[in-house]
Amino acid sequence: MASDETSGKDLTPADSSSVEHVTAAAGTAVVARDAVANPGFPPHRPRVTDLDPRAEKRAERTVYTLFYLSIVGSVFAIAAYMIFPIVPEDPGSVRLNNLFIGIGLALALLALGIGAVHWGKALMHDEEGIDERHPVRGSDETRARAVEIFQEANTESGFGRRTLIRNSLIGALVVFPLPAVVLFRGLAPQDQDPVALLKQTMWEKGTRLALDPSGSPIKASDVTLGSSFAVIPEGLQDLEHGRLEEKAKSAVILVRMKPEDLIQSPERESWSYDGIVAYSKICTHVGCPVGLYEQQTHHLLCPCHQSQFDVADHAKVIFGPAKRPLPQLPIAVDEEGYLIAQSDFLEPVGPSFWERQ
Amino acid sequence: MPRTQKPTSGRQRRSGRRSPLASVALIAIGLLFTGGAYAMFSTSTATAATDSASAQTVSEGEKLFAANCATCHGLSAEGTGTGPSLIGVGAASVDFQVGTGRMPMQASGPQAIVKPVQFTEEQTAALVAYVASLAPGPAIPDEELLDAQGDAAAGAELFRINCAMCHNVAGAGGALTEGKYAPALEGVSPQHIYEAMVTGPQNMPVFNDMNISPEDKRDIITYLKYVENNPSPGGLALGSLGPVSEGLFLWIFGLGAIVALTVWITAKSN
Amino acid sequence: MKPAETKKSGGFTGAAANYLDERTSISTAVKELGRKIFPDHWSFLLGEVALYSFVIILLSGSFLTFFFQASMAEVHYDGSYVPLKGVEMSVAMASSLDISFDVRGGLLMRQVHHWAALLFVASIGLHMLRIYFTGAFRKPRELNWVIGFVLFILAMAEGFTGYSLPDDLLSGNGLRIIDGMVKGIPVVGTWISFLLFGGEFPGTDIVGRLYSLHILLLPAIIVALIALHLLFVVVHKHTQYPGAGRTNNNVVGYPVLPVYAAKAGGFFFIVFGVVMLLASFFTINPIWNYGPYDPSPVSAGTQPDWYIGFADGALRLIPPGLEWVWLGHTWSFNILIPLVGLGLFIGVVLLYPFLEAWVTGDKREHHILDRPRNAPTRTAIGAAGVTFYAGLWAAASSDIIATHFKLTMEGVIHTLQAVVILGPFIAFYITKRVCLALQKKDREIVLHGYESGRIVRLPGGEYIEVHQPVDEYERWKLVSYADYKPLELTPNAQGKVSPIQRVRAGLSRWFFEDRIAPVGTKELEESHGDHH
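Residue numbers (the UniProt record's numbering), protein chains in the order written: chain A, 1 to 357; chain B, 1 to 270; chain C, 1 to 532.
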């Protein structure tokens with residue numbers, strides 16, 4: 001591995017044309033110049049450990065000390081496992097367990113690694129070696145033989161000649177994975193239509209607005225000025241199946257502002273109740289819950305992608321990537337004073353989808 | 001973990017208690033291995049609520065009000081172009097705004113910021129008494145609602161549903177529109193947390209007792225104090241800011257350390 | 001590998017080696033690979049960091065699979081963490097909490113797994129930057145670049161699937177965003193989402209499905225591609241930086257046995273140790289704070305792990321209003337533009353080696369790396385790409401930037417929109433100028449030596465700074481780069497030039513323009529006469 005056999009002195013520069021066994025495309029070339037010659041390898045510089053036997057001894061001592069330290073770390077980790085058990089209901093004990101097992105293991109690993117590297121750096125043979133490179137491509141004979149093999153195989157099988165066999169084989173290979181595509185239809189229930197599901201929620205005429213998570217109904221008089229309520233349809237918490245799926249569509253935010261602050265289009269005037277308005281909480285961008293209500297500015301902010309909606313003005317988008325306003329839930333008050341929905345949302349809630357319109 | 005698979009009927013929650021020894025050990029660890037002392041216990045300075053304010057206190061409060069607040073809120077707290085009316089905001093609102101140093105405001109900005117408290121406890125109480133005397137409003141909460149001995153699990157769930165979108169699940173705070181922000185909740189006294197919920201300071205919505213009942217508010221405070229008093233089990237929490245701080249930390253310190261080590265590994269031994 | 005070397009010596013080692021060799025021909029492998037040379041440079045270890053973090057992920061991940069249950073059945077949590085007691089959650093979430101709070105060392109393994117995952121993708125990223133800026137992707141390594149880049153994509157997929165498994169509030173909202181994005185794809189979006197989630201979002205299937213991908217399919221592909229990636233490294237032999245004695249026909253460094261075995265083997269433990277330190281001192285992904293997934297709550301600062309940040313940032317930066325109904329269907333350009341834009345960006349990075357080779361027409365094998373300054377246009381393109389990516393990446397934390405630097409969120413977003421669009425051009429220009437300036441500085445040093453900082457007063461009263469000439473070894477590093485000619489237009493047999501050829505020649509001129517030629521012998525001799 002010494003450096004003498006391929007001394008650099010007689011080699012051409014790194015951009016050397018000696019590897020140009022493949023001719024470059026027309027027009028591309030290294031500019032021919034009076035290139036400076038490669039000076040060859042610089043003289044070898046010995047390390048302290050090569051010259052000073054005491055330094056060598058010291059390095060040796062460091063390496064085995066590190067390896068012993070690694071053993072200490074491993075033992076410490078095992079001990080920590082027992083000394084710092086997890087006490088139920090005490091997160092502090094988890095912290096100690098995590099910390100001390102971790103410290104033991106980290107010590108074991110780092111000492112082992114640093115010891116090995118130090119050994120390699122300070123004590124192992126330090127002369128650099130040289131490998132010769134050869135072009136990656138096979139030699140001409142090899143390539144010729146490879147071509148020959150393919151030709152022989154072609155002749156012997158008649159792959160190129162018997163076109164009917166070949167083409168039908170290709171056809172069969174193309175068609176055979178197709179059943180897998182059909183199989184994947186089973187990933188979702190066969191008897192459901194996603195578009196229909198997306199276009200309806202649990203809200204219907206007369207459904208009471210209820211508090212999330214308790215599910216208790218809300219009276220209009222409970223909603224004081226400046227309030228913001230996280231709302232679900234009454235009965236959602238009692239669903240046996242599909243609770244989260246329904247909640248993902250029917251979550252609503254309910255706020256009250258001064259009626260004079262509310263801008264209402266004529267057709268939606270009956271959708272609110274004395275300054276109380278209810279909007280879908282699911283962002284029309286990609287579906288995050290939009291819950292950040294600012295009671296003075298009446299802005300709703302989505303924490304995921306910063307779309308902003310003006311609740312005072314039909315929840316129209318005033319900033320951010322969303323396009324459509326949040327769908328409004330028409331509300332009224334029943335004879336007992338509880339807030340109820342007049343109907344389901346009149347448009348699909350949540351992110352846009354192809355069949356939405 | 002088979003026991004987690006058995007659905008238990010109803011919602012059972014047991015309130016948690018930490019052994020006092022664990023706290024002591026935690027303090028020791030915090031000091032030993034992080035070099036930083038954790039604020040283990042909140043420095044709640046619950047001021048005694050003055051339910052029956054004497055007329056003298058009220059008149060003292062009126063003087064303070066005229067000297068410090070009337071410029072913006074009007075001489076009889078009726079509000080001006082620069083400050084809202086304070087009639088009916090209640091004792092809780094004044095105690096929160098003045099007690100956290102938000103009021104009097106130093107300069108107008110996107111929102112009132114927390115500053116060193118400007119008044120003594122007596123002065124604050126006088127201001128509170130004065131504004132409360134103008135019209136009824138949310139009162140300063142009772143002591144037993146602020147003891148942080150409620151149901152942390154119920155509180156955590158309510159916090160996630162009603163508060164986390166602005167204040168972050170661990171109460172680390174978050175951004176609002178146009179330079180406003182929801183402040184971090186670590187170190188805020190239970191009384192101020194409670195008052196903020198009932199009064200809705202600045203852009204925070206009001207969470208009245210029909211929305212979040214007083215017991216629910218106590219649970220929320222319990223949860224916040226639990227998070228504050230129990231340092232993250234996994235080690236330093238990196239600001240509880242989530243993946244952003246984790247990613248930055250990994251790039252700067254994790255990968256930084258490893259790159260430094262690669263330089264050492266490939267450097268020639270002296 | 002030791003056995004074969006000590007074959008001659010008797011004893012147990014010799015017998016074992018003989019036994020093994022007679023059944024595996026392992027001596028051939030040792031002969032071929034045992035003394036294989038690897039050049040020594042810190043940046044050559046970045047790929048190893050990625051490999052090692054993957055091994056750490058496999059080890060810690062295997063431990064986690066013994067406890068984790070990928071089911072979305074609802075249970076009431078009954079473990080040790082008080083603020084979640086009795087809360088309804090999926091079995092996946094409950095078992096993740098049990099790993100954290102009821103298995104000794106379980107939290108440590110979770111944190112090792114997650115920190116190592118962040119490190120895995122980060123080190124791949126840094127490794128790719130090294131490959132790019134040194135031109136190591138050039139012939140014959142173009143295919144290995146493609147394999148490596150596919151590994152980068154797969155690592156992100158692994159990361160995202162893993163992030164989603166605990167079914168906590170943070171990851172659930174992440175899946176919600178994925179669902180929203182998928183639904184925005186024209187024609188097939190609604191159905192892909194429906195099939196992916198096994199019905200309506202969130203359904204009860206997604207965690208189980210992602211788990212299969214996360215622990216079976218994706219790791220299998222990654223292991224196979226890593227094997228191929230490393231095989232190519234052996235076939236090509238490692239590249240090396242320019243240096244005295246090093247040529248395109250040799251590779252200079254230390255042999256696998258013993259030096260590299262010690263260094264690289266030790267380095268595995270060092271990387272593992274650093275990850276272990278992170279895991280023992282720093283919390284990552286505190287799912288107990290986030291709580292179980294519920295479609296109604298969300299946390300401020302809801303972000304993906306850093307490697308998905310660029311995609312999340314792209315979603316955030318889209319200006320309002322880009323969604324229309326046309327032909328009776330909804331066209332969500334606020335989702336399509338980020339999807340297609342990032343797809344193009346990824347495609348260009350993936351195919352860059354072929355694009356550059358086409359533009360330069362370079363068909364030579366390259367084993368000596370370019371110093372980034374010696375390929376100014378490539379370096380500038382890279383800087384532009386990095387700026388684009390970094391702008392998107394920063395956008396994913398726009399809210400946190402706003403709160404921590406007391407800025408408005410809207411201002412941050414508008415600034416980053418400008419950064420993503422204009423930043424790449426500015427970065428390109430600045431980087432190219434800096435590269436050229438550095439090349440000029442190299443010429444100065446070669447011709448006139450270093451500025452020694454020693455000021456000497458000449459007898460005539462004139463002050464000069466003494467320049468220290470560089471030795472021939474140092475000089476070689478500065479002059480040993482090639483100077484290329486751009487492609488020239490050559491008419492075809494009909495005497496015509498096709499438009500594609502015209503474009504190609506134009507790009508080639510652009511790629512090579514402003515270049516600074518390396519110092520030649522003549523110049524060097526002339527400069528010696530100059531002074532000193």
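By construction, these hints were calculated from the structure, which means they are not laboratory data.
The structure displayed is predicted, hence computed values, not measured ones.
Mixed in with the good hints, there may be bad ones.
[As the list claims (entries may be wrong)] List time: in silico SDA-like cross-link candidates among lysine to any residue, alpha-carbon distance up to 20 Å:
1) B:K268 - C:A244
2) A:K258 - A:A312
3) C:K237 - A:H134
4) C:K31 - A:K199
5) C:K406 - B:A66
6) C:K31 - C:L231
7) A:K323 - C:R515
8) B:K268 - A:E128
9) A:K199 - C:P320
10) C:K441 - C:V325
11) A:K316 - B:E178
12) C:K406 - B:S189
13) C:K406 - B:A112
14) B:K268 - A:T62
15) B:K268 - A:R47
16) C:K139 - A:V136
17) B:K268 - A:R58
For the pair we were handed, K31 of chain C and K199 of chain A, check the Cα-Cα distance against 20 Å. Measuring from Cα to Cα gives roughly 69 Å; hence the hint is violated.
Agreement of K268 of chain B and E128 of chain A with the hint, judged by alpha carbon distance not exceeding 20 Å: holds (11 Å)
Take the C-alpha atoms of K406 of chain C and A66 of chain B, compute the straight-line distance between them, and say whether it is at most 20 Å. Cα-Cα ~33 Å, so violated.
Against the 20 Å threshold, does the CA-CA distance of K268 of chain B and R58 of chain A hold or violate the hint? holds (17 Å)
For the pair we were handed, K139 of chain C and V136 of chain A, check the Cα-Cα distance against 20 Å. holds (10 Å)
Pair hint K406 of chain C and A112 of chain B, alpha-carbon separation not exceeding 20 Å: This hinted pair holds, its Cα atoms lying about 13 Å apart.
Given the proposed pairing of K237 of chain C with H134 of chain A, does the C-alpha separation stay at or below 20 Å? holds (10 Å)
Between the alpha carbons of K258 of chain A and A312 of chain A, is the straight-line distance 20 Å or under? holds (10 Å)
Hinted pair, alpha-carbon criterion (20 Å max): K199 of chain A, P320 of chain C. Please report holds or violated. It is violated: about 24 Å lies between the C-alpha atoms, which goes past 20 Å.
Taken at face value, is the distance from the CA of R47 of chain A to the CA of K268 of chain B at most 20 Å? holds (8 Å)
Can you confirm whether the C-alpha distance between K316 of chain A and E178 of chain B stays at or below 20 Å? holds (17 Å)
Hinted pair, alpha-carbon criterion (20 Å max): K406 of chain C, S189 of chain B. Please report holds or violated. Judged against 20 Å, a Cα distance of about 24 Å means the pair is violated.
When each numbered hint is compared with the structure, violations occur for hints 4, 5, 7, 9, 10 and 12.
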